[in-house]
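Starting from the known structure of chain A, arrange chain B on it as the hints suggest.
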Amino acid sequence: MTLTREQEHTRTATVVTRVRDRARAAPARVAMREKDLGIWQEVTWADYWENVQLVAHALLALGVEPGDRVAVHSENRREWLYSDLGIVAVRGVTVGLYPTNPPAEVAYLLSHSGARILIAEDQEQVDKALEVAGRCPDLERIVYVEPRGIRGHYRDPRLMHWDELLQIGAAHREEQPDAVERRMAATRSGDVATLIYTSGTTGPPKGVMLTVGNIEYAVRVLVEGGGFASPPPSQEDLALSYLPLCHVAERAFTVWFNAAAGVQVNFAESIETVQANLREVQPTILFGVPRIWEKVLAGVEIRLESASPLKRATARFWLRVADRIGDELVRTGGAHTPLTRTLYAIGWVFCYRALRERLGMRRVRYAASGAAPIAPAVLKFFMGIGVAMHELYGMSENTAVATGNRPGRIKLGTVGEPHEGVELRIDEMTGEILTRHPGTFAGYWRDPHATAEVIDADGWLHTGDVGEWVEGTHIRITDRMKDIIITAGGKNIAPSEIENALKASPYIKEAVVIGDRRKYLTALIGIELDTVGEWARRRGLPYTTYRDLSDRPQVRELVQGVVDGVNGEFARAEQVKRFAMLPKELDHEDGELTATQKVKRSAITRLFADLVEGMYRER
Amino acid sequence: MTRMTGRTGDLEAVAEPPRADPAAPRARRPRGRPLLYTSYSQDMALLDTRAKKVWLALLLGVAILSSGLPDDLLILLAGGYVAAIGAIGLNIVTGYAGQVSLGHAFFVAVGAYAAAALSGDPEGRVIGFGITNMIVWLPAAGLVAALAGVLVAPLAARLRGLYLAVVTLGLVFLGEHVFKEWDDLTGGPGVGRPAAVPELFGFRFDVDSALGTRAQSLYMLMLVLLVVFAVAARNLARSRIGRAFSAIRDRDIAAEVIGVPLTRYKTLAFAISSFYAGCAGALMYTITGFFDPGSFNLLMSVQFIAMILIGGVATVSGAVAGALFITLLPRLTQELPALLPFVSGDTTQTPNVFQIQVALYGLLIVLFLVFEPRGLFGLWVRVRAYWKSWPFSY
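If you read the sequences in order, they're chains A and B. Read in full-length UniProt numbering, the first sequence has 367 at position 367, and its numbers run on one by one without any break. Read in full-length UniProt numbering, the second sequence has 115 at position 115, and its numbers run on one by one without any break.
Okay, chain B solo, but in the shape it has when bound:
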């Protein structure tokens, strides 16, 4: 072959002559040419195509307009948004960095208790410090959970795959035991304790106010927080850190060879992921106002795993979709008796909606892993690719 004239790889920059007009805008591009990147910032832009901008605006519009829905649905959706924050967190460590973690429930618990303790009534039955401002307890909950993540990380940095999964599984059991026994903090099993108070500079989100009902306030709060957390995660994914995570996921040895410090980035992945989990935990129970140490069991970890598997591994929008799907699933199955007469709404009869619900989790995970490992997001990618490649197939 005579053409061996590749031009990449020559990193010695040719001396550029001084520019005549340094103030001239450099990152222009001709109109209507979305693939013509004239700078790296265009190439890495958060919303690099117009379609993405339009879709995002539409989705946000729908989400904001949804605040007019009935209150019980709003509460459900608010819970879904919080779960989505947690799922995004799990996606950072498991999806982007490829470290399987079954211990997500533990970090959620750490966050929940840290927040509850901080904002709790100092005179109350359980530990409380009376700092009810969200701007304090929310980051604090995240940081405490992140600290827990950092403590666990040295183990994670030494283990891979199945071994890591089992170690993190152990974490859940350990946590469950500690929280059940530590009555001063948790109130003990079957009793529980009040959750953190969602208050921001005197404004309470968990009571009806002039701005809307309790459900509406909580809904908007969770929506705004979800957007903040999701954008932060997307930015993280496209940054140097995100790329390092992906490199570790794809092949840790290769990543190390190209100069990614494994221990540091694995620790970072656990810390960030736990931060998200902690915040999600802190927020999750502000909606119900009360929680029990028995909630943070293996089932919760599995639910988070289900969210990212069904939604789409290593995508933020997938994690959100998966979280909403899993949260809304019980509500959907409750409608089943009306459609299918043989399904009963009564727990004493078989088959009932709760059995079907549990079976559906398992079934959906199996089906998605077999047919579309990229989850709901993968389905979307397929649809998009179908139309993008029109009139060809590739």
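So that you can see chain A by itself, here it is in the shape it has in the complex:
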């Protein structure tokens, strides 16, 4: 048994050793696919491991020492994984940058992390890095993956093409064939493997240090223990990778699922083509953030509106049935009763099979929503049409290990039960959720002060989320602690609940509820251009721009209808008394959203102060 001998001299298991072992056990199986020139190019485990080794050797040749940071600034693609694993193999630290990060944030992330090498996807990312290179003294080398527009045009000595990197790696391997294995063997579970920069809704992003041990713990709980997909994933499963890999959730669903369980990863071409790629890939495990699920739901609405009458009537009927099935599933926790099973079987023939096929969810056996709160109505829709939907909870600081809904024990509106072996309690005083387990992060990078604020002396991680127990087993999150609104009347209100109820409407993309130290609640509302545009088109309502459409009195009426509907579900003090339309689509580049598309509340209230004040002025 060669494997056991290898494992002896590499004492600590990492994602890298897992990939290596897979490459030896099943070299010809497919590890990942990426669509290139119209074809899903397959990468076998042997190819994967070969590339990881070459990158690792190249990094050694470039002088990367244990603990050195290497940044990756790219969309999801094969090279992201090769780089990540190559970096971890040589005991470096992977720093992921969001592809949408504007130059100013790139400068901050590169200089704060002190990255020595940057692996940039293409000209766009290289330009950002070169623009701010003066502020990043540690940056020695920029490796670009796509040569278009760079090779032959740029003369910067720091630039290097990906192929060159692999060649350096190959040359280094010729000279020292076992250098990488030796470096891997020295890996300790306390080694920092990656810095995950928090999205930073307030203040600059903080770098969460996750160690090899943290990740191994997360792999055991989330992947092997079925915390993120139950029953646990296997090599028969397919996943679509489309959310930024620098986020802990996508890292778990792509890199860790792939390495630990052999899940075949398929890279979407871009976030815009997710719908089409979903149809092609028909994944079995699908993770999405609320925005994605809301968009899918809105897409169903738009396309049904413009369907022929017979199709529309049929689909509407079966979606009403799905709603009933969803209600029943919510009651039972996700387990079918004979009645729902029969209804679903009939509906499957008429609607659900085709609908799921079109959505790319025909074969989804486990779907999950996380990373932000989501309206229960959205989850119920997916449960109704037969997509097993589970809300999860976790954060970078605890390696995404906290709670998750389990099949058959789902409680809608909660984030589920603590995973096996996770200590979780709710602070009696503040209501804050605290977790403690081996996945708790090693601290914020170069910020011991902030680290001390969130990890207390007993090792409890203060999540910053306010929550409560539901029936003693499940956790319901009220809101982020710092987002809780205390009105002038002294009432505590969780804005995200109201916001999500608003966003569950296909017409509303963004909703920001305001009311801290005010007499009543107001909201800034941004419309969903696709759906409202379609709605306006069918009514013969002409419009030019987003702003023009938002300002139409008819659109205001439409939104008023949604707001009134939502108000009906809440107590008087929690009702939105007035709202204003956002004049533009919120954007990461303009500093209104974080890289993960979360609204920066403080920035919004500052940027649209006149709108907010207008809502509180006496009429």
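Errors might be hidden in some of the hints.
[Claimed, not checked] Straight-line distance between alpha carbons at most 25 Å, and here's what the computed DMTMM-like set of lysine to aspartate or glutamate pairs gives:
| hint | chain 1 | residue 1 | chain 2 | residue 2 |
| --- | --- | --- | --- | --- |
| 1 | B | K180 | B | D250 |
| 2 | B | K388 | A | E272 |
| 3 | B | K388 | A | E305 |
| 4 | A | K311 | B | E372 |
| 5 | B | K388 | A | E534 |
| 6 | B | K388 | A | D590 |
| 7 | B | K53 | A | E357 |
| 8 | B | K388 | A | E140 |
| 9 | B | K388 | A | E453 |
| 10 | B | K52 | A | E357 |
[What the hints assert, rightly or not] Looking from chain B toward chain A, a few residues come up when the C-beta cut is under 10 Å (computed):
| hint | residue |
| --- | --- |
| 11 | R33 |
| 12 | S39 |
| 13 | G68 |
| 14 | K388 |
| 15 | W390 |
These are computed hints drawn from the structure, not numbers from a lab. These numbers were taken from a predicted model, which means no experiment stands behind them. We put the CB at the ideal spot given by N, CA and C, even for glycine.
Structure of chain B alone, referenced to chain A:
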């Protein structure tokens, strides 16, 4: 827009590391994911979906089982299959390559006479060489017709649209005249000559045998040949040549700009199309056994045009459907007097079935062009799209 990170277009292949196991099958794909193409050959496969395989198997099964039909119907269907071969040929030049040709009847005639002359009785009244084996005269007929096509092609390469249509129309008149006058070959108008003998290594298809009646033998022969020709045409359409044809059809100038040699491909289109026409011509009259030079007139060209317009331009299955439809139409109109008492089966009375038949051609062409330019195949596409897009409309 910040996302300018398209990945296509970068043709410089990233150096792939050597594969660990070169024998490993590369073109796999996960089960039940018909849209997940992992190689170009899957993307271009002849029968790329299971539905197509099932449909084809069903249709072939029905066609083979149909050999149990009454003999007169079998003869009619066999004629339809031959017409379909001709229609597929016209579809290659007019449908795929977009070169309107009204001269199809001429190429059919060239093929018919080439085959008849080759297999004819050397001692007979008209030219004959006595080579009765089909394996010789069928390809030869096609090649002679293709040669005629190549001779015409230089004209076609210089002309477009209406001008090309008129030139090819001239071809029909020219051919009609030559064939009427060349009595040694054609037997002369009103007399005609015997057609090619459908014999393959001693087996005669045009007489009753141990394997079945004459009609059954001919029916099976034509069915097999149609399948061969249709598959060849489908393969051609998805090949480099087929793509070049489509490029020329869509915009010849654009095609030339992207590097499609216009003259060569237009010549090729005429040659292949004429080859099909020649083979169809050679086979067509083996069923009746006798033919007259007056048959190859403008009406025949128009009938072929009607077949591909009604069936579906630039589709092989459409051409087959159109050919069968047009061939079976007379038979259907003959049933009319039983259904509609005011329609007479007698030519001396008005309205009679023959008048209605002629009027129907025109009417059907007009209706299809107005309401469904993609023909019968277009109707099928609509039905398919309706169910494929369920529960949405797009």
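Verification of the supplied hints:
The suggested pairing of B:K180 with B:D250 is violated, with an alpha-carbon distance near 39 Å, which exceeds 25 Å. Simply put, B:K388 and A:E272 have alpha-carbon atoms about 23 Å apart, close enough for the 25 Å limit, and the pair holds. At most 25 Å may separate the alpha-carbon atoms for a hinted pair to count; B:K388 and A:E305 meet this at roughly 18 Å. In summary, the hint linking A:K311 to B:E372 is supported, as the alpha carbons are separated by about 22 Å, within the 25 Å threshold.
Proximity of B:K388 to A:E534 is assessed by CA-CA distance (about 23 Å); at most 25 Å being required, the pair is judged to hold. For the hint linking B:K388 to A:D590, the alpha-carbon distance of about 42 Å lies beyond 25 Å, and the restraint is violated. Annotation: proposed proximity of B:K53 to A:E357 holds, straight-line Cα distance about 21 Å (limit 25 Å). For a cut-off of 25 Å, the pair hint linking B:K388 to A:E140 is broken: about 54 Å separates their Cα positions.
For a cut-off of 25 Å, the pair hint linking B:K388 to A:E453 is broken: about 56 Å separates their Cα positions. For the hint pairing B:K52 with A:E357, the CA-to-CA distance comes to about 19 Å; that is within 25 Å, so the pair holds. Given hint, B:R33 at the interface with chain A, holds; its Cβ is 5 Å from that chain's nearest Cβ, closer than 10 Å. Against a cut-off of 10 Å between C-beta atoms, the interface hint on B:S39 holds, since the closest Cβ of chain A lies about 6 Å away.
Taking 10 Å as the C-beta cut-off, the interface hint given for B:G68 is violated, the closest approach to chain A being about 36 Å. The interface hint given for B:K388 is met, as the beta carbon of that residue sits about 9 Å from the closest beta carbon of chain A, less than 10 Å. For the restraint placing B:W390 at the interface with chain A, the shortest Cβ-Cβ distance is roughly 5 Å, inside the 10 Å limit, so the hint holds.
Going down the numbered hints, you'll see the structure goes against 1, 6, 8, 9 and 13, while the others check out.
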